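Number of protein chains: 4
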Amino acid sequence: MIIVLKPQCTQDQLQEFSSSLQQQYNVKVNAWFGTQSTVLGLIGDTSVVDIDYISAQDIVESVKRVQEPYKKANRKFHPDNTVVTLPTGQKIGDGSIALMAGPCSVESEAQICKVAESVKASGAQFLRGGAFKPRTSPYAFQGLKAEGLELLKEARKKTGLPIVTEIMRVSHIELFEDVDIIQVGARNMQNFELLKELGRINKPILLKRGLSSTIEELLMSAEYIMAGGNDQVILCERGIRTYETYTRNTLDISAVPILKKLSHLPVIVDPSHASGISWLVEPLAMAAVAAGADGLIIEVHNDPSRALSDGAQSLTPQQFDSVAKRIFEVGEAFGRTH
Amino acid sequence: MIIVLKPQCTQDQLQEFSSSLQQQYNVKVNAWFGTQSTVLGLIGDTSVVDIDYISAQDIVESVKRVQEPYKKANRKFHPDNTVVTLPTGQKIGDGSIALMAGPCSVESEAQICKVAESVKASGAQFLRGGAFKPRTSPYAFQGLKAEGLELLKEARKKTGLPIVTEIMRVSHIELFEDVDIIQVGARNMQNFELLKELGRINKPILLKRGLSSTIEELLMSAEYIMAGGNDQVILCERGIRTYETYTRNTLDISAVPILKKLSHLPVIVDPSHASGISWLVEPLAMAAVAAGADGLIIEVHNDPSRALSDGAQSLTPQQFDSVAKRIFEVGEAFGRTH
Amino acid sequence: MIIVLKPQCTQDQLQEFSSSLQQQYNVKVNAWFGTQSTVLGLIGDTSVVDIDYISAQDIVESVKRVQEPYKKANRKFHPDNTVVTLPTGQKIGDGSIALMAGPCSVESEAQICKVAESVKASGAQFLRGGAFKPRTSPYAFQGLKAEGLELLKEARKKTGLPIVTEIMRVSHIELFEDVDIIQVGARNMQNFELLKELGRINKPILLKRGLSSTIEELLMSAEYIMAGGNDQVILCERGIRTYETYTRNTLDISAVPILKKLSHLPVIVDPSHASGISWLVEPLAMAAVAAGADGLIIEVHNDPSRALSDGAQSLTPQQFDSVAKRIFEVGEAFGRTH
Amino acid sequence: MIIVLKPQCTQDQLQEFSSSLQQQYNVKVNAWFGTQSTVLGLIGDTSVVDIDYISAQDIVESVKRVQEPYKKANRKFHPDNTVVTLPTGQKIGDGSIALMAGPCSVESEAQICKVAESVKASGAQFLRGGAFKPRTSPYAFQGLKAEGLELLKEARKKTGLPIVTEIMRVSHIELFEDVDIIQVGARNMQNFELLKELGRINKPILLKRGLSSTIEELLMSAEYIMAGGNDQVILCERGIRTYETYTRNTLDISAVPILKKLSHLPVIVDPSHASGISWLVEPLAMAAVAAGADGLIIEVHNDPSRALSDGAQSLTPQQFDSVAKRIFEVGEAFGRTH
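Chains as they are written, first to last, in numbering that gives the first Met the number 0: chain V, 0 to 337; chain D, 0 to 337; chain G, 0 to 337; chain U, 0 to 337.
Bear in mind the hints are in silico, worked out from the structure with no lab data behind them. Some clues are possibly wrong.
Where chains are identical, the list cannot tell them apart; a pair therefore holds if satisfied intra-copy or between any two copies.
The calculated lysine-lysine pairs, modelled on PhoX-like cross-linking and capped at a C-alpha distance of 20 Å, are [as the list claims (entries may be wrong)]:
id : residue 1 : residue 2
1  : 27        : 156
2  : 63        : 5
3  : 144       : 260
4  : 63        : 152
5  : 70        : 5
6  : 75        : 63
Given the structure is predicted, the values throughout are model-derived calculations rather than measurements.
Given only the sequences and the hints, what does the whole structure look like? Please build it.
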């Protein structure tokens with residue numbers, strides 16, 4: 000960590016500040032004297048140094064991290080890829096393309112089973128579906144809740160597909176005990192109380208990037224889960240909020256190779272939420288595979304125009320079948336197994 | 000609500016769609032036929048119409064709301080200002096300037112009591128202080144938690160100032176029973192489960208705008224609380240995330256007059272978090288008063304350079320005294336009572 | 000165009016406004032009366048209707064376009080792809096992948112000729128290089144200017160590669176007479192005086208998207224050039240400005256399929272400027288091909304660490320050779336000719 | 000300037016790099032060796048060091064400026080406020096509130112003279128009006144051009160108000176010889192060729208912040224003009240592009256005190272373009288005065304609903320009279336002369 004001091008900093012202040020840093024954080028402090036300002040360099044493990052604390056000092060002009068503030072999620076300390084493996088054998092991050100598909104909301108047993116069978120036939124290895132739904136309006140459909148979870152399990156029994164579904168509240172963790180992959184939605188990416196609790200369980204967590212979260216913040220939220228002892232985190236790029244209004248969000252495709260470089264965790268892409276437009280799902284899925292994503296999560300509904308949420312971005316089973324084929328074909332061109 | 004249909008929509012599809020809208024939402028549907036497209040107009044209460052559902056229809060090109068999607072927070076249906084009044088008499092939204100001040104984090108009894116007495120002497124009518132702290136890093140100080148709440152109450156006992164503090168988890172609501180104003184932080188603005196529960200209690204809620212939330216989304220989150228029966232919501236503009244890096248966030252000063260026009264709820268401004276820089280607090284506080292804010296929430300720490308969080312944006316008690324004086328002086332120029 | 004009127008609009012105001020619209024724009028006006036507001040629909044060619052003028056009317060609540068405001072760039076009126084063909088035979092937009100490569104700045108005859116020969120050997124069909132350079136600082140290297148243009152022509156003579164270079168000023172158009180493709184940089188995308196003049200010449204224009212321009216604004220700038228009579232416009236996505244700081248800009252990969260759908264013009268991608276980081280060029284180039292781009296423009300420098308500008312994002316000739324191979328290989332998986 | 004080197008950097012590379020920096024930029028280089036990386040500190044005038052060049056080096060991990068990259072616009076080197084004074088005596092930056100008002104576009108002699116007389120009566124000291132208009136659409140009204148300039152001079156003759164109007168093209172500089180203050184619009188803030196030419200003339204330049212320009216970029220564009228010898232630059236905050244759609248742009252009110260701190264140049268605010276909504280002009284003007292702006296530029300039209308451009312954000316003369324009164328009243332509360 001590099002700390003630039005203000006020009007008016009006195010020798011005494013410098014001494015006192017250096018000593019306090021050494022004691023508080025167990026780091027060595029080197030000083031370098033320029034014509035206009037003095038610069039301190041901290042040597043040791045600075046990931047625990049609170050950058051807010053440093054920049055609050057009267058004598059500090061600015062601070063710059065050299066080390067990343069995340070450790071467990073950091074590829075530097077874990078060079079090998081993390082492969083998330085389910086008890087039932089499915090893997091994410093092993094070089095294959097993990098394909099998760101299903102409706103935004105679970106609506107009925109018939110619906111979820113029909114979609115599950117159809118996406119399985121098209122090659123999806125995971126079934127996604129929302130039981131608890133975060134909706135901007137209190138007057139919009141909020142999901143079938145506990146009943147939705149039961150229907151997902153029913154669909155799993157019929158198809159063998161493990162299920163991925165979103166949690167919105169700490170007190171629901173028990174309810175999710177039999178879920179295969181627990182999703183944390185974009186709006187809860189910095190619900191730190193939820194992240195801490197999910198760090199205490201032994202189950203894969205699919206962590207979606209927040210609407211205006213930086214790549215580093217996403218990794219810090221993964222760090223929250225991992226700091227609790229749960230290493231099975233799957234990162235998900237799902238579009239960020241920008242000024243462009245044609246799409247619901249802007250897919251930050253660069254985040255895929257960057258996350259793969261900075262971290263050892265698997266990275267998947269959600270082209271449905273990134274765009275909000277069903278005809279964009281195919282080209283964005285292609286781009287995600289090309290950029291190195293470990294998987295995709297795609298909304299599929301048997302009848303999008305009657306979907307109780309997010310129908311505009313859902314594919315029909317027929318459309319999904321064609322997109323899935325293209326995903327696996329293109330995956331081969333990138334040396335991805337199937 | 001105006002719905003533009005795709006050019007290829009047939010007469011039969013139009014009929015079927017219109018009928019389904021009438022049944023589902025109890026609205027009347029008028030059609031207007033253009034050269035290139037047909038447009039439907041929905042008459043009635045369209046705040047419950049799910050815009051996602053509409054835009055998912057195969058035959059729909061685009062949708063435009065004419066009515067706002069929020070009702071209880073909407074000034075159209077409640078022309079008079081809401082005045083939030085505490086049992087102890089303090090008011091927010093009555094034309095006075097509500098001044099909330101205190102440290103980012105409660106750190107000790109001595110600290111919080113000292114700051115409380117000092118900000119009271121400077122004219123603040125409310126004491127703010129964080130007991131549970133949302134921090135980007137799991138390794139940063141997370142607050143004194145329950146003990147912090149006790150210390151806040153101690154400071155209230157000594158000064159008579161009602162306390163404002165942040166909740167981060169549904170299961171803590173009981174713990175917060177004796178808090179005067181419960182704050183929902185920016186990162187939890189769309190933690191809908193928390194909002195719903197706060198709608199069931201009878202206590203003022205200070206709702207901060209999310210880092211990348213629109214004005215409409217902030218009002219929809221207020222609507223979540225109000226839909227549950229709790230009308231005492233105080234809106235707080237605290238800066239939004241933009242590309243500009245000089246400040247931590249960009250204070251959206253326009254949000255103040257816009258929120259006051261669209262809603263009857265009181266609106267306060269947090270210049271400390273908006274800028275992240277202590278010397279900007281005064282000019283931004285001045286701008287907030289000038290733009291019509293009902294109050295301010297400002298970070299004050301007895302020793303910012305030793306603060307355990309957010310010191311860089313905290314004022315000393317002496318600085319706050321001078322800023323408070325200017326706030327009330329300028330308030331008078333705007334006809335604000337004190 | 001759909002115009003929502005304010006509730007208080009009187010019958011007389013409505014009549015007067017309708018008549019003025021009919022006269023001014025030669026459109027038909029239909030009115031539809033709701034419970035809370037009246038809505039007007041304009042029938043005819045509304046691309047010339049000034050949306051600012053409409054929304055300025057006292058009685059207007061809001062306006063919504065149904066038709067796009069661009070015509071010549073609009074695929075609706077020109078369903079077939081535009082193929083830009085140079086007199087020397089190279090084509091952009093014909094299904095092949097157009098590969099443009101070269102240094103950010105032309106620095107010397109030896110440098111540009113060496114890079115030109117090398118990128119040609121790797122399969123590039125166009126040579127890019129900056130003679131006039133837009134730099135944020137007046138103290139930074141501003142390019143070799145006219146001399147740079149001569150060196151580019153020298154490199155063209157040696158290699159046969161047509162040259163692409165940026166214009167910054169109307170009065171330079173004559174200087175650029177012998178340039179094959181004239182580039183308009185992101186900072187000049189809304190330099191309308193320059194666009195108008197480029198509309199009067201008969202030469203392909205590579206138009207880069209502005210740092211904070213919407214997709215529609217990019218198409219409107221293309222429309223400026225086309226309205227003057229020059230149909231040979233190549234659109235270029237090069238990243239937009241967002242809050243994310245890891246990359247210089249955020250590549251908006253969705254813009255590629257969207258521009259291809261809305262317009263008949265060819266679309267290329269600049270992964271070098273989008274990311275500002277050389278190791279990201281390959282994955283972003285892959286994503287661009289996968290998303291359907293008609294070509295790529297990539298920075299290559301014989302010695303990036305001695306480049307006078309933008310070295311951090313430049314590839315070495317060896318790196319480019321490897322990236323080019325991957326581009327053409329992957330292109331085949333997408334049925335692209337070479 | 001602080002340069003962090005990559006861990007794998009060898010001693011020889013370090014030596015070679017240090018020597019080249021010393022020779023090229025005439026700076027001293029100090030090295031500091033950490034456990035994970037080596038850091039270099041550059042001593043001397045680093046404002047001319049090309050940060051792109053540095054970060055392109057193979058051995059460089061990252062770079063951080065300690066000094067600002069602008070010199071002539073920097074308050075550090077010119078502690079006193081610059082006061083722009085017109086030959087006719089009007090001043091900007093002397094503690095008074097400079098009030099510029101007039102229509103978006105000059106439309107006729109009657110219109111501009113009527114508005115000029117009216118805004119003068121309300122206390123404006125400058126007349127603004129567009130003769131050359133940058134419009135997103137080539138089909139929208141582009142201004143009366145040279146004729147518009149003549150009409151502005153006519154209005155100046157009648158009222159004595161100096162005129163402020165926008166230039167869009169280098170070749171028009173002669174046409175603008177008799178204009179009092181030349182405006183550079185947001186879309187041309189980085190039209191560096193135009194800035195360079197304006198640096199060669201002796202006339203105040205009103206420089207508007209670009210739609211997505213940082214505060215530092217605005218100051219660098221001022222530096223372009225000042226580097227040419229023209230010190231009379233007036234900075235203008237006019238809103239930046241964000242994801243919020245309620246307003247046309249988001250007024251970055253923090254930019255006012257920041258620009259005043261970083262630079263000695265006067266700073267004015269344009270509440271009309273920042274919001275795009277006439278009823279927001281008053282509260283935003285109040286906020287601008289409260290935040291320390293040296294002046295305001297406000298759109299006024301005798302008949303906004305018939306304005307040929309930007310009517311939605313224009314005030315009527317009556318509305319402006321009331322806003323101007325409030326501006327001067329509030330100015331007094333802030334110790335501003337009139």
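Structure-based check of each hint:
1. 27 x 156: For residue 27 and residue 156, neither the intra-copy (58 Å) nor the inter-copy (44 Å) Cα distance is at most 20 Å.
2. 63 x 5: both (14 Å within a copy, 15 Å between copies)
3. 144 x 260: Neither, since 37 Å and 36 Å both go past 20 Å.
4. 63 x 152: This pair counts as neither: shortest intra-copy Cα distance 49 Å, inter-copy 38 Å.
5. 70 x 5: between (30 Å within a copy, 19 Å between copies)
6. 75 x 63: within (19 Å within a copy, 23 Å between copies)
Taken one by one, the earlier hints fail for this structure at numbers 1, 3 and 4, listed in ascending order.
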